[in-house]
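J.: Given next are the chains, with one letter for each unit.
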Amino acid sequence: MVTVSDRHIDAANVQYGAQMKTLERIWEALENVSDPEIPVLSVLDLGVVRSVTLCQDNIELTAEPENKQLCHGASTDQPSSVTIQITPTYTGCPAIGMMAANIRIELLAHGFDKVLVLEVLTPAWTTDWMTASGKQKLLAYGIAPPQNKARIEKMLFDETAVPCPQCASENTACISEFGSTACKSLYRCLDCREPFDYFKCH
Amino acid sequence: MQQYLLHIADNALILGHRLSEWCGHGPALEIDMAMTNISLDLIGQARNMYQYAATLEGDGKTEDDLAYLRDVPEFRNVLLVEQVNGDFANTIARQFLFDTYHYFFQQQLCESQDPQLAAMAEKSLKEVAYHLRWTSEWVIRLGDGTIESKARIQRAFQDLWSFRGELLTPALYETEAVAAGVGVDLGAIKTAVEQKIFNVLDEATLVRPTDGWMHAGGKTGRHSEHLGFILAEMQFLQRAYPNAAW
Numbered sequence: 001m002v003t004v005s006d007r008h009i010d011a012a013n014v015q016y017g018a019q020m021k022t023l024e025r026i027w028e029a030l031e032n033v034s035d036p037e038i039p040v041l042s043v044l045d046l047g048v049v050r051s052v053t054l055c056q057d058n059i060e061l062t063a064e065p066e067n068k069q070l071c072h073g074a075s076t077d078q079p080s081s082v083t084i085q086i087t088p089t090y091t092g093c094p095a096i097g098m099m100a101a102n103i104r105i106e107l108l109a110h111g112f113d114k115v116l117v118l119e120v121l122t123p124a125w126t127t128d129w130m131t132a133s134g135k136q137k138l139l140a141y142g143i144a145p146p147q148n149k150a151r152i153e154k155m156l157f158d159e160t161a162v163p164c165p166q167c168a169s170e171n172t173a174c175i176s177e178f179g180s181t182a183c184k185s186l187y188r189c190l191d192c193r194e195p196f197d198y199f200k201c202h
Numbered sequence: 001m002q003q004y005l006l007h008i009a010d011n012a013l014i015l016g017h018r019l020s021e022w023c024g025h026g027p028a029l030e031i032d033m034a035m036t037n038i039s040l041d042l043i044g045q046a047r048n049m050y051q052y053a054a055t056l057e058g059d060g061k062t063e064d065d066l067a068y069l070r071d072v073p074e075f076r077n078v079l080l081v082e083q084v085n086g087d088f089a090n091t092i093a094r095q096f097l098f099d100t101y102h103y104f105f106q107q108q109l110c111e112s113q114d115p116q117l118a119a120m121a122e123k124s125l126k127e128v129a130y131h132l133r134w135t136s137e138w139v140i141r142l143g144d145g146t147i148e149s150k151a152r153i154q155r156a157f158q159d160l161w162s163f164r165g166e167l168l169t170p171a172l173y174e175t176e177a178v179a180a181g182v183g184v185d186l187g188a189i190k191t192a193v194e195q196k197i198f199n200v201l202d203e204a205t206l207v208r209p210t211d212g213w214m215h216a217g218g219k220t221g222r223h224s225e226h227l228g229f230i231l232a233e234m235q236f237l238q239r240a241y242p243n244a245a246w
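As you go down the protein sequences, you meet chains F and C in turn. First residue of the first sequence? That's 1 in my numbering, and the numbers climb one at a time after it. First residue of the second sequence? That's 1 in my numbering, and the numbers climb one at a time after it.
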């Protein structure tokens, strides 16, 4: 599991030590919050959590997922609180409300009672933010993970082969562009004959 | 600006509602799911837009006020989206005509100088790309399919062709939105939209209906009788039990 300290080594200013530890605990707690539609994926695997900001002892620290700006600190006179920015996958996906509620519940269980969950729209969520371990979990769960980088032209015309999550055969066919949830399409393996969901590039 | 946001939101809400009527009635399970998925995307897009419009309006307005408490003349959607589902071919033709417009519209809206509008467009565009892909494939499959399917989709395009014009003819609030740098210049996307429609029709071996008289009025609140029935169903609960909430 990737922890905050792994990704923010150079930002781990010694004077923020206690706050860094707390932030790390929050990050670990978020690993327990799953996507209600695909319970094997956590909100971190899915890339839905965009930032975590901790205000503690007059210090404000923010952590963001990898490839983003590193953890940064600033002094603040705000009272102790945690602010989490999340972004919806699909605009109409009803899971986002539940994820926000579950994040609050999870953090409350860890003793954080002032938690604000904010929904941000930009930059737009993309399957490119899904973690490698998230893709592995999807595959083990029987859902083919996104095969490519998300590009609009590809969404319109892509014909990429999607390997079967059961037998790994690439001899598969799309049954329907739209599957059991907004983020998936429905495929069938022409070798082992199993139908399966494909988490489409977005 | 308010009118402009409502126009975009109403298009998505009313078409989303129409598609939701297919829920449990699709010709096959996969198609049923596809139509309701698209419906969900559209209603989600409408919600975002209503929420934004409500904040601009202020005065404690919410997205629900805008969706549930306006009457027919206050709706700004195009006439195409309120037309009845008809058979599957008719629904596909209606959706395809809207998707071609919607795709290029959202693509341009990404360039809006209003950051909130641009952010919403960036999200919507990805969803709409899949809608357009799905309807294009169905137009081709039905057109280049059996004698029966071809006759039905051809007739559907014939029936709906006269609703196409309104999509690309700007209302005053759209022209103002363009002048303010926040809206989409419909003239700039016209060629791309038509080219896409023509290409798919050609591939589907369908005859392009001739352009004639075109319907107009939805954008300024003059609607067909269908919208009243949609609103009667959609708004019933909120009208009968004011302020009811989940």
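For the record, the hints were derived by calculation from the structure and aren't laboratory data. Just so you know, even glycine gets a beta-carbon here, dropped at the ideal spot from N, CA and C. Some hints here could point you the wrong way.
To be verified - Distance ranges between label pairs, derived from CB positions:
# : chain 1 : residue 1 : chain 2 : residue 2 : range
1 : F       : Ser75     : C       : Thr175    : 43 to 51 Å
2 : F       : Ala109    : C       : Arg141    : 33 to 41 Å
3 : F       : Glu119    : C       : Asn243    : 22 to 30 Å
J.: Hint by hint, note whether the structure agrees.
T.: Structure-based check of all given hints:
no.	hint	in the structure
1	F:Ser75 - C:Thr175: 43 to 51 Å	49 Å, holds
2	F:Ala109 - C:Arg141: 33 to 41 Å	51 Å, violated
3	F:Glu119 - C:Asn243: 22 to 30 Å	24 Å, holds
In the structure shown, a violation is registered for the earlier hint numbered 2 alone.
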